[in-house]
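Asker: Here are the chains, one letter per residue:
There are 2 protein chains.
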Amino acid sequence: MEIPRQRLQKYLGLKREFAGKNYINLNPIQRGGILTDEARRAIVEFGDGYSVCDWCPPKTPRLDKIKRPPIADFYEDLAKFLGMDVARVVTRCREAKFIAFRMLGRPGDYVVIDSLAHYSTYLAAELAGLRIKEVPHGGYPEFRIEVDAYEEKIREVVRETGKPPALALLTHVDYLYGNLNDAAKVAEICHEQGVPLLLNAAYTAGVMPIDGGKLGVDILVGSGHKSWAASAPTGILAMTEEMAEKILRPSSIRGDWSGRSFPAKELPLLGCTVMGAPLITLMASFPTVVERVQRWDEEVKKARFLVEQLERIEGTRQLGVKPKQHTLIHMESQGLYRVSQTHKRKGFFLYDELKKRRIVGIQPGLTKHFKLNTYGLTWDEVRHVAESFLEIAEKYGLKTS
Amino acid sequence: MEIPRQRLQKYLGLKREFAGKNYINLNPIQRGGILTDEARRAIVEFGDGYSVCDWCPPKTPRLDKIKRPPIADFYEDLAKFLGMDVARVVTRCREAKFIAFRMLGRPGDYVVIDSLAHYSTYLAAELAGLRIKEVPHGGYPEFRIEVDAYEEKIREVVRETGKPPALALLTHVDYLYGNLNDAAKVAEICHEQGVPLLLNAAYTAGVMPIDGGKLGVDILVGSGHKSWAASAPTGILAMTEEMAEKILRPSSIRGDWSGRSFPAKELPLLGCTVMGAPLITLMASFPTVVERVQRWDEEVKKARFLVEQLERIEGTRQLGVKPKQHTLIHMESQGLYRVSQTHKRKGFFLYDELKKRRIVGIQPGLTKHFKLNTYGLTWDEVRHVAESFLEIAEKYGLKTS
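Each protein sequence line maps, in turn, to chains A and B. Residue 81 in this note's numbering sits at position 81 of the first sequence, with consecutive numbering throughout. To get this note's numbering, take the position in the second sequence, counting from 1, and add 401.
In isolation and in its complexed conformation, chain A is listed as follows (with noise of 0.2 Å):
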């Protein structure tokens, strides 16, 4: 119960060492999820707990409901950029996952999923009680989904139980390699077997310009923290008509003696979901994010770039797909991991490196593999650091083409 007051000193001034301008941070997770100078402005505003709740409508006291500030109409938005009929903004992407696997499967009940997927669909499928039949890929170095073989695994599932899947998952692009896959081929499939498709865009939504509608996808994920520039927690829900009705359930339980009964609110989402600022720095980034997907080649183009410099250096390679159709990118280097083996700092040596070049977010230790993100860096930054990279080759003696 007694906490000592020296204790509590460490939660004083807590300080982000790589926040703000000071570093080029290529983490993979964190590039979409900047702060648009809107979106900081707005945290301030509404930092106070249930700060958007004080024009809750009595009659219908619900997030999606609220007019002031505009969550109703910025759920209309939300759905209508991403090509679906409607959307909802939960707590994370994982939630979302499992809100659909939850509302759309009874335990036990199978969902299709590709072998890349992210570890939280693993887990939002076995929080549901569901099994999973995975999709193959075609392994070192491209890692390619099979994305034909969703027609294979609906049928074995058909097999196994008698009846199809509950669903099927598609991560758009993947965390791992971030290869793209084609949604509207795996939808076609999918409908073909009467199985709706959900598509985990947690990468590609916010990013890149996604229509659901044209890609035929039943329902559609994604992450605000990871690509809509908004603060975490925030996770995004969208669906057709049909498949809102099934997962946007009422509650319908009723108290046994009180006879208490909540109609009004949407199962699945508990009520009310993120009811605070995080909700509120996605919609002040909202109008950056609706024009920014539409310089995502640029982005693209960056990417490349960056990989073409960095296998300059002997014994590199980026794996995954090429060319590069997505800012996340994995490099295999034979010739950085050598160097670790004699440096007395290990595979330290390249986080030193880079860290002394201002450059940071590649997780430190790594050498052999390692993930970057270059979404949102500038071309002088992108520059800085395929230079660093070389230069830090040659300071190691590695060759370089």
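Please keep in mind that the hints were generated in silico from the structure rather than gathered at the bench. Treat each hint with caution, since some may be false.
[As the list claims (entries may be wrong)] Some, not all, of what chain A presents toward chain B, calculated at C-beta under 8 Å: (1) V44; (2) D77; (3) F98; (4) P136; (5) G138; (6) P141; (7) D256; (8) S258; (9) G276; (10) M283; (11) G397.
Positions of the beta carbon are idealized from the N, C-alpha and C atoms, including for glycine.
Given chain A's structure and the hints, the job is docking chain B onto it.
Answerer: Frame of chain A; chain B shown alone:
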């Protein structure tokens, strides 16, 4: 897909009318969630998405293992402060309840709850597939939960299903009347029958001193944005060691093709939970919270003073148990209601009159029954609220004693 530029204007320059020092905000859910200055500084520093993940430990990549910022230490201090063994920060108090229900119960199992539980308690049970059995309250005007009836309700479940309920839940202070329930007594009853007790301390932990160990509860949940001077969404899930083993179960799913598995991840948290700003506000405000709970008696005095003053108005009484043991107050006013019936603004006259006096947060339109919360108001502010009500009553010809 296309959002007209003009439609995006509304997301720029988002302002909160009731923020800051302009108004005395009596909103019952908002008093305990106003950020400290420390938290206001920290939220800007850690506004970017995934801002706390700079130093995620590669071998145990989990929020509760992060040492910079000191999240690992914080979880320990948080558990200790609440008199529990283990704590996790989750996205909302309602999620904490869902997690406990989901992990301790099986679909069809019962949970025994008090009949003044928050609606999200009902939804959490419903989402976890549990049935509820309600412990009655005594009705008007005290609405006192009949805590002794936990025993009978547990026996009812045993008779009906052949086994005890998965758990019981007690709302420490309810959101309707602000009644404080005897948690120690309910814990004793539950334990005599081998049933774990979850205490929903959303309105108590963070504002008043709570020692879950001393109360003997097995699980204690709380709300950062409601009572810990933190941004939404933040929930607290604190447990005994024994409960933690059952609730924080590691993931055990395995990829059927890839063999991938994630035993380092806690299943019900879906891995990580609040990866950014709100968690940081909770940490930054923690030293203040540790100190402020010691001043709870003074807070109760202010609430009692205001009740006493409001009851001077003709036909006006406090509902719920008297005298107040909490700052959440439910008033019934036949007097103000009578005024509303002939006023051209109907019940909104009260809102208008209060707002003129820089007082907000009572639901616009209500007069016969309304709720307010005095937590954290200065004595001057409490007096101003009291005087304003009396002034308004007199203005409309109500007697004041």
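Asker: Hint by hint, which ones does this structure get wrong, listed from lowest number up?
Answerer: The structure conflicts with hints 5, 6, 11, although it agrees with all the remaining ones.
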